[in-house]
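Engineer: Each step along the sequence shown adds one to the number in my numbering, with nothing skipped, and position 3 is 3.
Wrong hints could be hidden among the right ones.
[Claimed, not checked] 16 Å max Cα-Cα, derived EDC-like pairs, lysine to aspartate or glutamate: (1) Lys122 x Glu191; (2) Lys48 x Asp6; (3) Lys48 x Glu29; (4) Lys10 x Glu29; (5) Lys48 x Asp5; (6) Lys10 x Glu45; (7) Lys10 x Glu51.
Honestly, the hints are just simulated from the structure, not real lab data.
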Amino acid sequence: MALTDDAIAKIRGMIQSGALPPGARLPTEQQLSVQMGISRSGVREAVKVLEAARVLDVRRGDGTYVTSLAPRLLLEGLGFALELLRDDTLLEVMEVRRMLEPVATGVAALRITDEDLDELSKILDDMRSAADDAERLIQYDAAFHRTVAAVTGNETLTSLLDGLSGQTLRARVWRGLIEGNSSHITLAEHEAIYHALRDRDPLLAQASALMHVNTSESWLRAVLAAPPEEPADSVAPQRSQRSTANP
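Whole structure, please, built from the sequences with the hints as guidance.
Structural biologist: Following this line, the structure appears as structure tokens:
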């Protein structure tokens, strides 16, 4: 493992220094072994690790190349890692999402195009038609927030937010909402976000997104606190006056 870690550090150093820029082909395994003074097995394992991290692209019969190093590639593993988190840590994920998503939505309000608004309007129609279908709602919910984040033009932020809102996390919140006959609440919050974006109002968009994340976090806390045999609707969180003020 020490040799592998050393090889990883050296290859990473070559990439960071510009000796191996995005798209560059790596020397052969034997050449790297001699160049770095590390056994071929150590180099081979290092390449496997960096391939899994989307830093390298191993093309059988062609060679090994540095990827584009785009955020969407390097942060791709974030969503997978979050799927493995324990229940109590999911609340920390929601806290991070609460820090980032409202600000991103406010930025989107300043940059959104009519085409983006048309896409969001279509997604909202799809959500309304799937009001009691958890699987479809999860899909449309992800599409809605991914579209809003993409409007910022910040690929790193978009990738982070996408990873923070994993399939399992969305599923737990949406199933709790449906079982509690409260899916209309979060549908209305999506509509509030859309209207704020349509008005190009960054402060209202940020506030609407914050309200939405708070609602999702409240439902997640309720679902996690409920005993396994207790239905989610029996622990429906009480919305504060501030929450009920959001249409």
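Engineer: Mind listing which of the numbered hints don't hold for this structure, in increasing order?
Structural biologist: Failing hints: none at all.
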